[in-house]
Every structure is written in structure tokens, then in C-alpha cells.
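Visitor: Now for the letters of each chain:
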Amino acid sequence: AQSVAQPEDQVNVAEGNPLTVKCTYSVSGNPYLFWYVQYPNRGLQFLLKYITGDNLVKGSYGFEAEFNKSQTSFHLKKPSALVSDSALYFCAVRPSGSARQLTFGSGTQLTVLP
Amino acid sequence: SQTIHQWPATLVQPVGSPLSLECTVEGTSNPNLYWYRQAAGRGLQLLFYSVGIGQISSEVPQNLSASRPQDRQFILSSKKLLLSDSGFYLCAWSVRPLIRSNEKLFFGSGTQLSVL
Chain A
137 AQSVAQPEDQ VNVAEGNPLT VKCTYSVSGN PYLFWYVQYP NRGLQFLLKY ITGDNLVKGS
197 YGFEAEFNKS QTSFHLKKPS ALVSDSALYF CAVRPSGSAR QLTFGSGTQL TVLP
Chain B
415 SQTIHQWPAT LVQPVGSPLS LECTVEGTSN PNLYWYRQAA GRGLQLLFYS VGIGQISSEV
475 PQNLSASRPQ DRQFILSSKK LLLSDSGFYL CAWSVRPLIR SNEKLFFGSG TQLSVL
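So the protein sequences, as listed, match chains A and B. The opening residue of the first sequence carries number 137 in the working numbering; numbering runs sequentially from there. The opening residue of the second sequence carries number 415 in the working numbering; numbering runs sequentially from there.
If you're looking for bench data, these hints aren't it; they were derived computationally from the structure. Some hints here could point you the wrong way.
What the hints assert, rightly or not - Which residues of chain A face chain B? A few of them, derived with a C-beta cut under 7 Å, are:
| hint | residue |
| --- | --- |
| 1 | Pro176 |
| 2 | Gly179 |
| 3 | Phe182 |
| 4 | Phe240 |
What the hints assert, rightly or not - Just a sample of chain A residues kept apart from chain B, beta carbon distances all over 10 Å, derived:
| hint | residue |
| --- | --- |
| 5 | Tyr172 |
| 6 | Ser206 |
| 7 | Ser242 |
As the list claims (entries may be wrong) - Listed below are the simulated BS3-like cross-link pairs for lysine-lysine, each with C-alpha atoms no more than 30 Å apart in a straight line:
| hint | chain 1 | residue 1 | chain 2 | residue 2 |
| --- | --- | --- | --- | --- |
| 8 | A | Lys158 | A | Lys185 |
| 9 | B | Lys518 | A | Lys185 |
| 10 | B | Lys494 | A | Lys205 |
A quick note: this is a predicted structure, and the numbers were derived from the prediction, not measured. Note that CB positions come from ideal geometry on N, CA and C, so glycine has one too.
So here's chain A without its partners, still in its complex pose (with noise of 0.2 Å):
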């Protein structure tokens, strides 16, 4: 079975700061990886996948993450935070070939402080 862990259960950020949002999985086979994002009061949005190809997958918002299959890794990061970013952030990882299998993270609290 797959696994997903966020070691951060919060992380803060300067505004104008890089930020690392981490997050490590387990699978058999190929990875498809995910990270969501979900605003105070709105639903939960998709921000980046990582399917095949390059490592570093760019996504809304200006983030984008990496992925580091000797590590077992995709990381979200940002060049410089906004205030704006503060929200709670899941990854996500499944087998390739399997819909159901979408495994979440326990999610990390973004807070960026102005």
C-alpha cells in the first residue's frame, strides 16, 4: 500500500521569503504525485501533478515542485511568499493505473507572515 507523509504539520514563512512545503511517498511502481491546496473557507483546489517527465513541475500560483525519485520526494516550493499563500496543503500520491488509490497526506498549515 502506498503512503504519503508530511513531516510539518506547520510551517512559517516571511513574506517575500522561499518557501518548502515537504513531503515524501511510497508506491509501488511509478508515482503519480499531487499537491492540493485548500483556502480558509473554500474547498479543497488542485495545484500541480507530476506525471512524467521533468522533475520540476510548475503549477498555479507561481509554485512548483520537484520531484527526487532517488529521495522519494515532491517538495512544493515558491521563490517568494505571499500572504495570500497561507493555506492548509496536502500531497497526494497514486499507482499509476489506479483512480481509487489516491493516497493523502496528513496535510502542512502554510502561514505566511507579512
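Given the coordinates of chain A, work out where chain B should sit on it, guided by the hints.
Guide: Chain B in isolation, oriented as in the chain A frame:
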């Protein structure tokens, strides 16, 4: 454009009472439909998955059930709620078939269920 509606937004129910949460999708046909639960401090847990009318797959044994009476309607139910059923419930849909170019879920706004 596609939209997903989920209601109610909040619900407080006594232990032993029944439950019915409804989710509808507009602007698409033949979607995959999902029910997730988000417990405090834990990740999203897939509860049910449906690829078509009347086709329900249960991912974990539990006190809940799901039904899909229409193509774009997905209902989460319980005959008798338990305290442990409290949580944040999210409905989601995805394009079917889930091919590589359509790899994303679209979530509803969620229902916060408190069982007292």
C-alpha cells in the same frame, strides 16, 4: 463550466440519528465520484468511489454507505451515527476515464459533521 455542489455546509447530529449528505455535479457527464473524510490532524481518507450509476466501491469498513441514484448525484448515508463519524466530509469528481491528461480531482466545499 463544471461545478460541484455539496450540502449542508455544517451539520450537528445526535448519536444514533440517521445521516444524508448530498453532492451533485453540473456541467459534465459520466464523472467518477468520490467521498472523502478529513479527520482533524489526519489526511484525506477515501471512503467511497463510484464509476457509474449504482456502482459503489467502499474503501474502508465503516458505519457509512453511499449511493448514486443518478449520474451526477452522490449521497453519503448512515442509519445510525457514531461519535467517531464526526469529521469533515468532502465530495469530489474527476473526468472518466481517468487518463493521464485528466489527472485531477475537483472538490466540493465540504460538510463539517459533528456527532454529539
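Visitor: Does A/Ser242 sit more than 10 Å from chain B, CB to CB?
Guide: Answer for A/Ser242: violated, closest chain B Cβ roughly 4 Å.
Visitor: Given A/Gly179 as an interface hint, is its Cβ closer than 7 Å to any Cβ of chain B?
Guide: For A/Gly179, the interface hint holds, since the closest Cβ of chain B sits about 4 Å away, which is under 7 Å.
Visitor: Checking hints one by one. Is A/Pro176 an interface residue toward chain B, by the C-beta closer than 7 Å rule?
Guide: Violated. Min distance 12 Å.
Visitor: Would the least Cβ to Cβ distance between A/Ser206 and chain B come out above 10 Å?
Guide: Holds, because the least Cβ-Cβ distance between A/Ser206 and chain B comes to about 23 Å, which exceeds 10 Å.
Visitor: Looking at A/Tyr172 again, its CB stays over 10 Å from all of chain B?
Guide: The claim is violated: A/Tyr172 sits with its nearest Cβ about 8 Å from chain B, within 10 Å.
Visitor: At a threshold of 7 Å, is the proposed contact between A/Phe240 and chain B supported by beta-carbon distances?
Guide: holds, 4 Å
Visitor: How about A/Phe182: closest beta carbon in chain B under 7 Å, or not?
Guide: holds, 4 Å
Visitor: Need the status of pair A/Lys158, A/Lys185: alpha-carbon distance at most 30 Å?
Guide: Distance ~15 Å between A/Lys158 and A/Lys185 Cα, so the pair holds.
Visitor: CA of B/Lys494 to CA of A/Lys205, is that 30 Å or under?
Guide: violated, 45 Å
Visitor: Would you check the hint for B/Lys518 and A/Lys185, treating anything up to 30 Å between C-alpha atoms as holding?
Guide: holds, 8 Å
Hint compliance for this structure: hints 1, 5, 7 and 10 are not met, and every other hint is.
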